[in-house]
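Numbering that gives the first Met the number 0 numbers the first residue of the sequence shown as 0 and each following residue consecutively.
Just so you know, these hints were derived from the structure itself, not from any lab. On a predicted model such as this, the values are computed, not experimentally measured, just so you know. You may find that some hints are simply not true.
Unchecked claim - Ranges of calculated distance between the beta carbons of each label pair, as one might list FRET restraints:
1) L148 with M0: 35 to 45 Å
2) C119 with K44: 24 to 34 Å
3) K8 with L128: 34 to 44 Å
Unchecked claim - Here are the simulated EDC-like cross-link-like pairs (lysine to aspartate or glutamate), alpha carbons at most 20 Å apart as the crow flies:
4) K93 with E33
5) K132 with E121
6) K31 with D57
7) K72 with D34
8) K21 with E32
9) K93 with D34
Ideal Cβ positions, reconstructed from N, Cα and C, are used throughout, including at glycine.
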Amino acid sequence: MPKYNTPMKPQKRLGGKFGFAKTAVLPTVIIKEEDRKPLSTWQNKNKIPIHVWHVFFDRAYGLSFNEAQRLVKKGLIQPTEQVFQAPGGATTKKLIYKFYYNYAYPLGVANERPKLVPACIEDKNGHILPYVKFQGGSLNITQDGINVLNSL
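Construct all of the structure, not just a fragment, from the sequences and the given hints.
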């Protein structure tokens, strides 16, 4: 990920606030726009703080839902339109928020690499959608991650 460990810079699209270019490739924690209201409702109703975790090949990051909401409200994170393709061939567009790992807490670091295993889905029309999945591996939870869990 080319922009990993590079500093954020003022962005014109963010009104001069610090961030990364829209096309920057770096770890992010993702929340779909359509999930924000149900998550907020559930969190408020149950009085249980939600944290969103995103696991990568060698690292994992966590972000509290409240912090995600604050970042959106402050204009530090803007939505991106993502196109999703279903196995049947249908595509849908959804707004997603990509929260830079810089705003998240380090949740885990791999101590055993997973294997990359080829897989595919064949839809009812015979289209083959190849992909790679992770198999095996293990992750050590960071002290930051343990502190967050203990605080909940």
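Quick rundown of the hints versus the structure:
| no. | hint | result |
| --- | --- | --- |
| 1 | L148 with M0: 35 to 45 Å | violated, 26 Å |
| 2 | C119 with K44: 24 to 34 Å | violated, 40 Å |
| 3 | K8 with L128: 34 to 44 Å | holds, 37 Å |
| 4 | K93 with E33 | holds, 8 Å |
| 5 | K132 with E121 | holds, 16 Å |
| 6 | K31 with D57 | violated, 23 Å |
| 7 | K72 with D34 | holds, 16 Å |
| 8 | K21 with E32 | holds, 17 Å |
| 9 | K93 with D34 | holds, 11 Å |
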